[in-house]
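**Q** Below, each chain spelled out in residue letters.
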Amino acid sequence: MSEPRKSAEPVSRRGFLGIATAGMTGVMLAPGVELIEVAAARTPDQAVGPQVRWGMLIDSTKCASGCTDCVTACNTENGLSGGSAETDSQWIRKIDLKDLRTGRAWSLPMMCQHCAEPPCVDVCPTGASFKRADGIVLVDKHTCIGCRYCVMACPYKARSFVHETLHDQKPDVPRGKGTVEGCTLCVHRIDRDQQPACVQACSDAGHGAIVFGDLNNPDSEISRRVAAHGARQVREDLRLNTGVRYLGL
Amino acid sequence: MALTALRRALWSLAVVLAAWGLAFGAGAAPEQPASTSRVPKPLVETGKGDKCVEDTQFMRRNHMKLLKHQRDETVHRGIRTAQHSLKGCIDCHASRKTGSVAASNENFCQTCHSYAAVTIDCFECHASKPAPGTQQSRAPSRATTREIVAVIQATP
Chain G
1 MSEPRKSAEP VSRRGFLGIA TAGMTGVMLA PGVELIEVAA ARTPDQAVGP QVRWGMLIDS
61 TKCASGCTDC VTACNTENGL SGGSAETDSQ WIRKIDLKDL RTGRAWSLPM MCQHCAEPPC
121 VDVCPTGASF KRADGIVLVD KHTCIGCRYC VMACPYKARS FVHETLHDQK PDVPRGKGTV
181 EGCTLCVHRI DRDQQPACVQ ACSDAGHGAI VFGDLNNPDS EISRRVAAHG ARQVREDLRL
241 NTGVRYLGL
Chain S
1 MALTALRRAL WSLAVVLAAW GLAFGAGAAP EQPASTSRVP KPLVETGKGD KCVEDTQFMR
61 RNHMKLLKHQ RDETVHRGIR TAQHSLKGCI DCHASRKTGS VAASNENFCQ TCHSYAAVTI
121 DCFECHASKP APGTQQSRAP SRATTREIVA VIQATP
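Line by line, the protein sequences are chains G and S. Residues in the first sequence are numbered from 1 upward in steps of one, following our numbering. Residues in the second sequence are numbered from 1 upward in steps of one, following our numbering.
Same shape as in the complex, but just chain S (with noise of 0.2 Å):
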């Protein structure tokens, strides 16, 4: 008896898990959830690049925590890695519409916030879009020094 029950229980939750990963993992359109429930699921736009730089699961919990890090590096120490940098994440996440991650509530960053009533302060100061022309700007324009100098080190 108690075995059948721990199974129907274990089932209904793989049910709301297989809902719950619909919900979020929208593919590249964001799509109306296969929930029937009124009450509205986030819809994640997908970013332009193949993947995060780390994995989703890992991204819902702990990105406040990485930028935060990231931003204390990078104002007090001069660190600009792209990898866990709020510009980087806006570049890959801008939303092909608005342009933006934050101007609208299908945006990426706004979706989840929104659903969760968790206020955004990041893009009181920092800009939610791109810079414009950020593909350009990535290509190297002319070698640095840095770059002869690796170069050089290179060479046998």
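Just chain G, with the same shape it has in the complex (with noise of 0.2 Å):
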């Protein structure tokens, strides 16, 4: 048996001294700043990296029935129509549903999941749909052909197709006929370290209803609220393993 190679040791002590100070520089730095934005916190030259998985908890306890303020931000956020017409583009909805035996009523935001297991990417011809390494499910419409077999293969309805000629799209948030789309959890917020719209709006709402941070964190505070109140995925039994989850369901 020959030495293993010092090369091999997937972190030296020198560079774990180093990963080490960052961190706690990280966390020295803390007060006021969330852990989640030192996670994020990457320059514009950086690809995104599987070490961050972006996710939401929505909990359905605090969402409040008859708000839709995550709906408007996102169409304000994406430049969608808002219409409510079965060409229109909706990318978030909200969902009343209640318990006829009970009684119990949930009101709710449903939009695309971001599985880990997308099943719109499974169908996809081209490759246009597809998954970002830091988990986001994306359409890149350069590629797309406008098939539709991932708005029909979403258990979520969360794809739409662009049925129109468009005018006037937002600079981030490129749009066009014949693609298809749906929630981008605003990536193009993400990649500047915002929130997405929707958590931002049930925020200044008052409701709080959404967090929004790395499942991948332990220390993020959607990953400890996940840990401590056993949040849901719809559909667990496809076990995509959704990157959106609920509490209260």
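Worth flagging that the hints you see were computed from the coordinates, not collected in a lab. Keep in mind that a hint or two might mislead.
[Stated by the list, open to error] Simulated pairs of lysine-lysine, BS3-like, Cα-Cα distance not exceeding 30 Å: (1) S:48 / S:65; (2) S:41 / G:141; (3) S:68 / G:177; (4) S:51 / G:170; (5) S:87 / G:141; (6) S:97 / G:170; (7) S:87 / G:170; (8) S:87 / S:41; (9) G:94 / G:141; (10) G:157 / G:141; (11) S:65 / G:170; (12) S:48 / S:68; (13) S:68 / G:131; (14) G:94 / G:170; (15) G:177 / S:87; (16) S:65 / G:177; (17) G:141 / S:65; (18) G:177 / G:141; (19) S:97 / G:177.
[Stated by the list, open to error] If you want the ones that stay clear, here's a sample from chain S, every Cβ over 12 Å from chain G, calculated: (20) 37; (21) 41; (22) 52.
[As the list claims (entries may be wrong)] Quick list of the computed label-pair ranges, beta carbon to beta carbon: (23) S:97 / G:248: 47 to 57 Å; (24) S:106 / G:232: 55 to 65 Å; (25) S:57 / G:216: 43 to 53 Å.
In this text, a Cβ means the ideal position worked out from N, Cα and C, and glycines have one as well.
Once you've looked at the hints, go ahead and assemble the two chains, each given alone in its own frame, into the complex.
**A** See the structure below:
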């Protein structure tokens, strides 16, 4: 048996000290600064990596029936019409549920669940539907041919097809006729260390029903709450390992 | 004899090149090119910045390659450097009149593309105008954690 080579060590002692120091720095400047931001800290020229997995935790007990601030914020941020015609794109919608026997009612937003095993990616014939390394499921509209297999495959009805020529799109959110689209988790905002528009709107409305953060970081607020309260996934039976989790369902 | 013919050919080439340069290198305001030809030449509006991110000749030939490369980097890997981004191009090259790079045939992208009869598909989906208040949004509104960490690390 030969001696294991130095370079084969996963983390050298010196490297570990460096990482530890960086971690300590992050923690020490933490007052008022959330840890998720430290996890997100990445310069614009750095590629996203699988060390982060973005997710959302939706507390249906805090979500107010009749409030549609998240939907409005999504429409404004992404330049959606907000119309209710069958051909209008819908990236997020409010759902009201009621147990007929007990009369208990729930209200919750439903959107792309950003699955770890996304069926939309499985069925896409061109590779346009893809999952980014940090867990965000997106459509590369440069490659999308508008076949709509993903629309049919998604168990959450989260994808929309653009039927008409569009005008005045947002510079950060290109959208066009003949392609499929859905919630991007406001990827353009995440890439500049901001929260998705719906999360911001919910917090601004005083409900705070949506927590956004890194599911891979055990110290993030979302991970702590998921662990403490046993958040559920919608259609857990499909074993898609969704990035959007729900409380109180 | 042969040398004279070659010299004459070179001179005519130089004249043609100079006319071409005048046509493309129009000043701050678009002017009529000094060509007497009936064929219209593209009138390139100049952008806001001092100079382009790359050499003009290089950009004329390769802008589509840079944009295509950057688009894949951004969509799939989340790399959002401004150097070769379409948004960066638009922010700088938007027309002072229409506020767009493709709203009319005089606007930056459209002027050459209509001349060369090459359709631009970019603006079927992408906005051809900078976001309102682009200048303001560039200014840092608050220090991000990244900036704070950078400052701390830079401090001895």
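**Q** Check the structure against each numbered hint from earlier and tell me which ones fail, lowest number first.
**A** The structure breaks only hint 2.
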